[in-house]
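Chains A and B supply the protein sequences, listed in that same order. Letter 18 of the first sequence, counting from 1, is numbered 18 in my numbering, and no numbers are missing. Letter 55 of the second sequence, counting from 1, is numbered 55 in my numbering, and no numbers are missing.
Hints are computed from structural coordinates only; laboratory data are not their basis. These figures come from a predicted structure and were not determined experimentally. The beta-carbon is built from N, C-alpha and C at its ideal position, and this holds for glycine as well. Just so you know, not all the hints are guaranteed correct.
Away from chain B, derived, C-beta distances all over 10 Å, residues of chain A [as the list claims (entries may be wrong)]:
#1 Met1
#2 Arg25
#3 Ile67
#4 Thr81
#5 His82
#6 Met99
Which residues of chain B face chain A? A few of them, derived with a C-beta cut under 8 Å, are [said to hold, decoys possible]:
#7 Thr27
#8 Cys59
#9 Gln63
#10 Lys134
#11 Met136
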Amino acid sequence: MEGLHAFTLGGISAQIAKLTHTLERSGTTYFVVDAAMHFQLPPSRPSRVLILRNVPTGVLVDSTDRIMEITTLHALPRAFTHEERGWYRGLAVVNGAVMPVVNHNAFLNKAELEVLRAGLERVRGVVTV
Amino acid sequence: MIGDGDKSYVLFPLGEKRFALPAEAVTELARPDSLQTFPHCTPLLAGVLLRRGRIVPVCDIAQVLIGPGAPPRKFYLIANCKSESRQELTAVPVTGECELASAARAPLTGKEPHYISGLLTIGNETVEIVALEKLMSMEVPA
């Protein structure tokens with residue numbers, strides 16, 4: 001949890017309320033999303049940041065459990081019709097327990113990342129054409 | 001006695017009332033399994049069941065049909081529900097034993113909600129036939 005900075009960037013903070021922090025790692029700024037807010041859960045006490053690969057996104061989570069290999073991904077039943085269709089890639093069954101497999105691109109979508117990059121460049125005084 | 005035009009229905013209880021689903025849509029009546037939940041925003045969906053390796057969504061229609069004071073659900077009625085162009089199993093929690101009955105549809109009065117597709121008269125009882133797919137597509141205020 002070290003190195004987290006509260007995210008405040010004009011109107012963007014209000015637009016993307018789940019984006020609560022930034023984190024600098026190896027010259028890259030990661031935008032850190034509160035997973036509880038993303039999944040519309042009650043506020044929690046996060047203790048870990050997951051840094052995602054290939055996207056400048058981090059995710060605040062309460063804890064991590066284990067790393068495991070999933071061989072079969074079941075489609076999310078069509079009865080689920082709301083935001084969760086974007087949140088999850090599908091469902092996995094692990095030892096009789098059904099677990100949603102998260103779509104990591106949904107924490108911050110492309111449009112949100114573009115807005116954030118532009119905002120950050122503006123703040124840093126970098127002129128973009 | 002089964003008359004001409006009679007069809008089979010599964011009658012299921014929710015509190016004091018009974019409702020019906022076409023028998024051809026119902027696949028089984030299951031004992032309560034462990035309901036598994038994860039974050040989602042779809043109204044009426046309580047979670048999923050794992051039945052014989054299949055993931056079955058659980059749709060708690062009692063909150064719409066009889067309100068929030070429904071007694072504890074004892075069984076799951078598992079039915080085929082048409083979703084867009086595909087059939088999908090859906091579990092409906094019910095509050096007691098179900099019954100298979102044959103009856104002819106009585107005409108709707110016009111006052112029923114859109115998710116009631118017909119009426120059955122069984123003795124002195126009028127039983128509403130539930131259109132599960134219409135009920136599930138309802139937006140229920142939180």
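### Structure versus earlier hints - violations, ascending order
Of the numbered hints given earlier, those the structure breaks are 4, 5, 6, 7, 9 and 10, listed in rising order.
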